[in-house]
Amino acid sequence: MKGLMNKMMLSCEKATTLIEKKSGDKLSCGENFQLKMHTTVCSACKQYQRQSVLLNDAIKKHVSDFDQSFSENNLHLETAARQKIQGKIENSLQK
Amino acid sequence: MASTKPNKTLNPELWLDNYGDDLFAWAYHRTGKRALAEDLVQETFLSALKSMKNFRGDSNEKTWLFSILRNKIVDHYRKAFVKYEMEESRLGSSGSGESFIGKYFDNMGSWNSNQKPHNWHEDEKHLLDDDEFRQILQMCIGILPEKWKALITFKYMEEKATSEICKELNITSSNLWVIMHRAKLQLRRCIEENFIDERA
Chain D
22 MKGLMNKMML SCEKATTLIE KKSGDKLSCG ENFQLKMHTT VCSACKQYQR
72 QSVLLNDAIK KHVSDFDQSF SENNLHLETA ARQKIQGKIE NSLQK
Chain G
3 MASTKPNKTL NPELWLDNYG DDLFAWAYHR TGKRALAEDL VQETFLSALK
53 SMKNFRGDSN EKTWLFSILR NKIVDHYRKA FVKYEMEESR LGSSGSGESF
103 IGKYFDNMGS WNSNQKPHNW HEDEKHLLDD DEFRQILQMC IGILPEKWKA
153 LITFKYMEEK ATSEICKELN ITSSNLWVIM HRAKLQLRRC IEENFIDERA
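Chains as they are written, first to last, in the working numbering: chain D, 22 to 116; chain G, 3 to 202.
These are calculated hints, taken from the structure and not from any lab test. One or more of the hints may lead you astray.
[Unchecked claim] Calculated pairs, DSS-like style, for lysine-lysine (alpha carbon to alpha carbon, straight line, at most 25 Å): (1) D:Lys82 - G:Lys35; (2) D:Lys105 - G:Lys118; (3) G:Lys149 - D:Lys43; (4) G:Lys55 - D:Lys116; (5) D:Lys116 - G:Lys52; (6) D:Lys67 - G:Lys127; (7) D:Lys82 - G:Lys52; (8) G:Lys35 - D:Lys81; (9) G:Lys118 - D:Lys67; (10) G:Lys149 - D:Lys82; (11) D:Lys109 - G:Lys35; (12) D:Lys67 - G:Lys55; (13) G:Lys127 - D:Lys82; (14) D:Lys43 - G:Lys127; (15) G:Lys162 - D:Lys81; (16) D:Lys43 - G:Lys52; (17) D:Lys35 - G:Lys118; (18) D:Lys82 - G:Lys74; (19) G:Lys127 - D:Lys57; (20) G:Lys127 - D:Lys109.
With the sequences and hints as input, model every part of the structure.
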């Protein structure tokens, strides 16, 4: 019985890998069950799961917020880079 | 103009003035690296000049240039990823992977006690709107190794499907999640060290 339990029980490393998989793939029934069982008893992995999803959302939001407002940004090409690119464009136009 | 469908909306001599800063800002935001962003802008212009004939005029000049830049970024990360895969296989499986995981988990795969996830905030959802958290997130993404940033970029910035990412990078999906797992472990560690410890 104990052997079976050990077989059923995921390690934290496996469980957190499955959490990443779950964010983009469907888990099999077995995987889902094992993950549920693990996060029920392991608060660290449960915390990891919550924060992993939060990070995914935060990255997406970080990108979409920027895309919506980036015309107001104050990032500029530095003069040296600008001149270099200008030279390349002129070169290419003359060909 | 000779052609019946002239490129009348393309003005390459004005590109740098009109779109240079915007393209740069976008590339910089996506990659977190100034020199890389400058290179990507330059490559975008040079590719655009070569393919002006293909410009159909269905989109405006700016949209067209941004789509080229977007492809350049995807290309950059694909190359970075392939390069990393080649180095890993050259070093063999005893390379950096094992020791990286060993920092987080013990031999049995349990969390090392000093690496257990901490609580970040009593209401973690609020962090999405917390400026300090967002700045630290950006910084932490910026310092990820390029190979891992490739996955984060494809999956969460470009929002590509898993199957598409596997095809582009020529990896299996289980391999994808193993690598993503490492990227996320490092990312969350960086946030914990900079955001949580600072507040504690």
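Okay, the hints, checked on the actual structure:
no. : hint                : in the structure
1   : D:Lys82 - G:Lys35   : holds (20 Å)
2   : D:Lys105 - G:Lys118 : violated (48 Å)
3   : G:Lys149 - D:Lys43  : holds (21 Å)
4   : G:Lys55 - D:Lys116  : holds (15 Å)
5   : D:Lys116 - G:Lys52  : holds (11 Å)
6   : D:Lys67 - G:Lys127  : holds (15 Å)
7   : D:Lys82 - G:Lys52   : violated (34 Å)
8   : G:Lys35 - D:Lys81   : holds (19 Å)
9   : G:Lys118 - D:Lys67  : holds (11 Å)
10  : G:Lys149 - D:Lys82  : holds (22 Å)
11  : D:Lys109 - G:Lys35  : holds (21 Å)
12  : D:Lys67 - G:Lys55   : violated (54 Å)
13  : G:Lys127 - D:Lys82  : holds (12 Å)
14  : D:Lys43 - G:Lys127  : holds (20 Å)
15  : G:Lys162 - D:Lys81  : holds (12 Å)
16  : D:Lys43 - G:Lys52   : violated (42 Å)
17  : D:Lys35 - G:Lys118  : holds (15 Å)
18  : D:Lys82 - G:Lys74   : holds (22 Å)
19  : G:Lys127 - D:Lys57  : holds (22 Å)
20  : G:Lys127 - D:Lys109 : violated (47 Å)
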